[in-house]
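A.B. asks: Residues per chain are reported as follows:
Protein chains: 2
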Amino acid sequence: MTLKDTQGLDAIDRKLLGLLSEDAEQSYATLGDKVGLSPPAVHERVKRYKASGRISGVTAQLDPMMTGKPFLAFLHVDTTGWGKSTAMMELRDLPELEEIHSVTGDTCMLLKVRMQDSKAMEALLKRLYDMPDVVSTKTYVALSTYLERPVQAGITEF
Amino acid sequence: MTLKDTQGLDAIDRKLLGLLSEDAEQSYATLGDKVGLSPPAVHERVKRYKASGRISGVTAQLDPMMTGKPFLAFLHVDTTGWGKSTAMMELRDLPELEEIHSVTGDTCMLLKVRMQDSKAMEALLKRLYDMPDVVSTKTYVALSTYLERPVQAGITEF
DNA sequence: AGTGTCACCTGAACCTCATTCGGAATTTTT
DNA sequence: AAAAATTCCGAATGAGGTTCAGGTGACACT
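Chain order of the listed sequences is H and Z. Here full-length UniProt numbering is used: position 137 in the first sequence is 137, and no number is missing along the way. Here full-length UniProt numbering is used: position 109 in the second sequence is 109, and no number is missing along the way.
With a cut-off of at most 25 Å between alpha-carbon atoms, the simulated PhoX-like pairs for lysine-lysine come out as follows:
id : chain 1 : residue 1 : chain 2 : residue 2
1  : Z       : K138      : H       : K138
2  : H       : K15       : H       : K47
3  : Z       : K126      : Z       : K138
4  : Z       : K15       : H       : K119
5  : H       : K15       : Z       : K119
6  : H       : K15       : H       : K34
7  : H       : K138      : H       : K126
8  : H       : K34       : H       : K50
9  : Z       : K34       : Z       : K47
FYI, nobody ran anything at the bench for these hints, they're computed from the structure.
The task is simple: from the sequences and hints, build the whole structure.
C.D. replies: In structure tokens:
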């Protein structure tokens, strides 16, 4: 267990995953130059990442400002019992919903939503209040975003 | 203003952006089949999205569970004054930091962090507490995630 | 209504790059 | 130390990205 660590990933794997998480349109040739491998070797590793699920997909990043969704908010929702999976799950299909987590602390669910304007936000809040098992909702509207990026590959040594 | 709406996007544009935000590895031929266009026509539109910044990039989505970062948490941080940009910004370089927002409500900053284990989380919290202008921190650890996806193209008619 | 302009799409051609294959080298196991 | 497995490289193939010239439709202006 010298080259591969506990995750089954060596240094090249980490570097490749990091490069791909920043830009997945680089050719295998340029990726190979950066990590010191031939194009087929890079190809094989990347294929392995996808097969193993380490890379769940390759997607285009939409700029929310340029695609009509400048309003970002986080909602803390208290529910009676654990009715999360029932009531809350009907919101899954809304494209405005980006995240739904069950969290510790004084609240049950945490939602991340991104919408066109405050009017749409109000409509969603109204819809939440109308849910029978929703007790209370705290809304945190994002005023400005200093950092927002997908999952990174690196790990800091604290 | 019949074909294009206020954003300069027609129905095909929205559909294409939606398809690409789900899977950017489809060939222009298959994309063309889905929206009713020839491969070069699709290519030209996609090129336009990238040039105009609507698509900010194409990236590989890393599965946090499979890449050694199973711990997800949201931190609400109160700071004295507006020292956000000074103290907080030194955290930008940590790959564990995924989001930093300034938000309304009873707190100033909202952080989204994803780490390897609770020990690393504790180290980060300690580092936060040591910052001179950090007043208080509330931590919400995600117990389970029901939905987590990048920016979607669609808009719900409320 | 006619005409010019512009934006967009199509089909063919090219050319880069992804993908596959056999063989060599390195590592791991017995 | 030998053998097995894994990983890598270089060359060949093929798919698909990319470009170009030409055609079509919508819109505006006279």
